[in-house]
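Residues per chain, in single letters:
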Amino acid sequence: LPKDTFATRLRLALNIAGKSQTELAEAINTSGSAVSQWLSGGKNPSRLSVEAASRFLGVDVGWLLGGVGPAPQSPGVSSAERTEYAEHSGWRFRPQPEDGGREYGNAGVWTFKPDIETFVRETLQNTLDAAREPVVQATFSVIRLQGQARDEFLQALQWDILRKHVTASAQSGQQLGQILREGLRMVDGHELILLRVSDSGTTGLVGPESGTGQFAALCRNSLDSDKQQKSSGGSFGLGKAALWRMSALSTVLFNSNPIEVEEGLPAYGRVIGRSDLGWHELGGDPNAGPGWFGRVNSGVPPIVSYRGNRSLAYDLYLDRSPDDIGTSIVVVGFYDPSREEPASAAEIVTGIEAAAARDFWPAISAGRLTVTVEEYDGRNRKSATNVDPGKSQPAFVDAFHKHLDDDVSTSLREPGDVARIPIQLDVPACTIQGNQHPAMTHQAVLLVRLAETDDASSLLRRAAFFRGSGMVVQYVDMSRVCLGPRPFHAALLCGTAYTSDAASSAAELFLRSAEPPAHDRWILTPALKIGYARGAGKALIELEERVRAQIRELVAPIFKDVSDGPQALKDLLRLSTAATPPPPVPRVTRVEGEVDSAGRWDLTATVRMPVKAGDGVVWRVEPVVLFGAETHGARAVPIDEIKATRNCKVKGGHIVIPAGKSSAEFRITTKKSEQPVPAEYVTALVDLRNATPLKEAEV
Amino acid sequence: MPALYPYRILTNQPKLVVTKLTMDGNQPSGQAIDVDSRTVDMASLGLDGWRYCSLSVRIEAVSEEVRQVEADGRQVTMTLVASASASESRQSIQLNRSDVAVPTWSGRIDLERCNFSGKISLRAVATTTVDGIDHRFVGSSETWAVWMEEPATAILAGTLPVEWRNFKTPAERPAGLDPELDDEIFFADLTPKKPTVYLNKGVDGLTKLLDRPPADPAQRALHDTEMTAIAASVWLAMFSTALSAIEDPEPGTDPAWPGEDWQERVLKLLLPQIYSCGEDEALKKAVDDRVKPGGSATLSSRAQAAIAAHLKATKRLVHSIKALDSVPKEEEQS
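As you go down the protein sequences, you meet chains Z and W in turn.
Residue 544 in our numbering is what sits at position 544 of the first sequence, and the numbering runs on without skipping anything.
Residue 286 in our numbering is what sits at position 286 of the second sequence, and the numbering runs on without skipping anything.
Mixed in with the good hints, there may be bad ones.
Said to hold, decoys possible - Lysine-lysine pairs mimicking DSS-like chemistry, simulated, CA-CA at most 27 Å apart:
id, chain 1, residue 1, chain 2, residue 2
1, W, Lys322, Z, Lys570
2, Z, Lys695, W, Lys315
3, W, Lys285, W, Lys208
4, W, Lys268, Z, Lys570
5, Z, Lys570, W, Lys168
6, W, Lys15, Z, Lys538
7, Z, Lys649, W, Lys168
8, W, Lys20, Z, Lys671
9, Z, Lys570, W, Lys15
10, W, Lys285, Z, Lys651
11, Z, Lys671, W, Lys208
12, Z, Lys570, W, Lys20
Keep in mind that the hints were calculated from the coordinates and are not lab data.
Every value quoted in this text rests on a predicted model; they were computed, and no experiment measured them.
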């Protein structure tokens, strides 16, 4: 045990009170550096300062000053509980299956891009899915463990046992083995980093120890999503794999205060750990891979969650107040696999803040989610920041707030203006059991906010697509909607993100089904193909096209027409060629043929009529063969022979197509003697000229 | 009009993308390349004083088709062609090939600014040897439009500039307008490069009448009628100018569209309406009518009808008449 000094007593008092050095300094009106010096043993405080500190931290002044008097206790921690859990807790690994199959790790963990952004997306999505109250709170705590603090944590985790399994699994040459070797180096090195994610206002992990339910889905099973709501973020059950992917020891611990507890069980806490190792052999026993830490059970499963022991939760950094319903998760040996150099605790904190703001500004701005990011040295909290997307994503948040305040228009003039445009999503008929509905039309809403011309944010000219889950599924690049668009940010609110009618719920489920495991796009997934009538893929493409068209309309540049004349006159002088409809005359739709042995082009042309049968119009057309060249106009060449082959007659060099025919066909041959160049040197085109509609009597 | 080749060609157009633009060897800070509209608009960068530009391109073709065309040991070569009909300039380079994933060609073309005018069409042409003849055409990419100078019509809005000027003030009077015509309502300066319509703010009350639709029904009717009349006159002038810009074709060949982009657009919009047929046939008919005795007059009157239809002139007039009819009633009510 460390020597009992003023510094160690003050540190203990701070930890138990859950206060930071800064908070103490502010409360007793001294400087942060002074408190820091007291904690390092460099200087001793004045008696007045000690009295003020003892009042603020709620400890006996005699004990803080000289170790005389009652020492403070961590809430709920008792030596009796510690003795109890030391006796009854343990690790058990799943034995190798009878067929001798070996799996070197959980395939689910390789589904994700392993970085902090993915981790934050997956964990916050789970938090929102488990929401029980209108507002849920998520706290990410980056905890650095060194020296004694690390040793105490490892002792509670029964590291001596787990280490043997991790070492055995690390000996495999597989990818997981490399990660575990890195994890072992981390434990033996300078510090061990834990990342704790705690949520409040959620349901906690309800359900039995195994089988179905939230607890089993997260802590026991693989590929089990157990999400019932249509707006749930996840639907594959793969998201949780991100937890193990970010642990260099592939080990994650849980403690939950569930909203419902089965009768006869303690209300406080259910602690369980899972180590997702690969196949390994230890002491002659082959193990399938995964192992669990908790209360050793004589039946099945051999490990169950350890309930009602707050000391165990505290020692594993999983403690929660008994009345705080929700779940705490600790990723043991947290690291960022996307980086070559290990990330420092401060870098992890920054990464989490940025990712939460980037992907969850809809939920945070709507007041449904608050996210706090903390940094700890052992039990000592060094900093805590509430994520404010208004700072890092001000444009999107401003657009969203203006939308909520109805401070919107349908066009954009000045930077800061927000346009709100309805966008249609055609949801095909759904055949999913329990969710069947006919084809429906959902009105999503598009927000487009004009940015300052010098805006250099990385998400400029992107559209954030999201639905009721409140997580941005994708930032779609809209920088090429037109030539030189004005700077803007856009957001597409789909499903229950905007309205809550039946069509919105249908759209919510439809779009959720359109998300692949990483939930980062809307595409034609197998789930859409199975659960919906044809047209699902088309509906998604059309949705994006409609968004593009609307954005194009809104952000098209104020082009360099500096002329000051009336716009109405400019509109009348518009030189758009797209408006001209093709004239209703017969057209050649298909030509087949070749250069025959006599050196002539021998061609068969199919003609389609502009009007259907029954209107009494007979068409007379003059067929021509043109020799095409790459440049200049084509040249008409003399015809040797025309033969009617279907639905037409030849009359004086013309083709006559009787009334009531929708198509006709004729064969035409060029005259070799009058061809300006050999037929095999040119391309041949067949055209119809002087198309004339006639009455039957005129023919 | 589908064209038939006497040998196998690439039926899917190779895809051409301009990947990089430099001007005098420097990459401009603005974005001039737009892949969606296949346009390079250097004028939009607002840079001046540069002498040449370099366009880097990449072309991809369908592997299977290239394989079939090259079945007899032939080799497809890809040539990048930049041409501008207004300045009658044309330049080409052969592109380098790499077949890492799909057949891909790439290269860079340098274009001197002084050699080109108006719209530059950029496309890649694929050729091979057929029956012992080299460089036979086997396919081409879609065409990109490259603008070194400001287009005569705005690329996006596609309309002519309309400016207010006081025709009575020599400093403001549009160049090309006879000083004796200083009380005309408008003047359409249809120079090939920069066609512009000028409105005379020296005419009392004209700015008030035309600048924004008046609320008063009678004035509104007058506003609409005057606007339509000006537009119809400008359209007819544009049509006549564009028609006369068509060069006489060589005997036996079909005529080509005029070199200026705006002229081609005017003709492609009106001629199919006038002749009720496709664009190319209509162009040929117009050129034929142009030289026939009395043909020009007929063409002119048919053009007026087509312009009226395009502007929905009759509908606008009926609307104005109805508006005027409602005026006395409103006065009685008040």
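Hints and how they fare:
1. Distance check on the hinted pair: Lys322/W and Lys570/Z sit about 25 Å apart at the alpha-carbon level, within 27 Å; holds.
2. Restraint check: the Cα-Cα separation between Lys695/Z and Lys315/W comes to about 31 Å, which exceeds 27 Å; the hinted pair is violated.
3. Between Lys285/W and Lys208/W the CA atoms are separated by roughly 43 Å; this puts the pair beyond 27 Å, and the hint is violated.
4. Distance hint between Lys268/W and Lys570/Z is fulfilled; the C-alpha atoms sit about 19 Å from each other, no more than 27 Å.
5. Restraint check for Lys570/Z and Lys168/W: the C-alpha separation of about 23 Å stays at or below 27 Å, so the hint holds.
6. For the proposed pair Lys15/W and Lys538/Z, the alpha carbon gap of about 24 Å is at most 27 Å, so the pair holds.
7. The hinted pair formed by Lys649/Z and Lys168/W fails the criterion: a straight-line CA distance of about 66 Å is larger than 27 Å.
8. With a CA separation close to 49 Å, the supplied pair Lys20/W and Lys671/Z exceeds the 27 Å bound.
9. Between Lys570/Z and Lys15/W, the direct Cα distance comes to roughly 35 Å. Violation of the 27 Å bound is thereby established for this hinted pair.
10. The straight-line distance between the Cα atoms of Lys285/W and Lys651/Z is roughly 23 Å, inside the 27 Å bound, and the hint therefore holds.
11. For the given pair, Lys671/Z sits about 66 Å from Lys208/W by alpha-carbon distance, which is inconsistent with the 27 Å threshold.
12. Of the pairs offered as hints, the one joining Lys570/Z and Lys20/W is violated, with about 34 Å between alpha carbons and a cut-off of 27 Å exceeded.
In the structure shown, a violation is registered for the earlier hints numbered 2, 3, 7, 8, 9, 11, 12, in ascending order.
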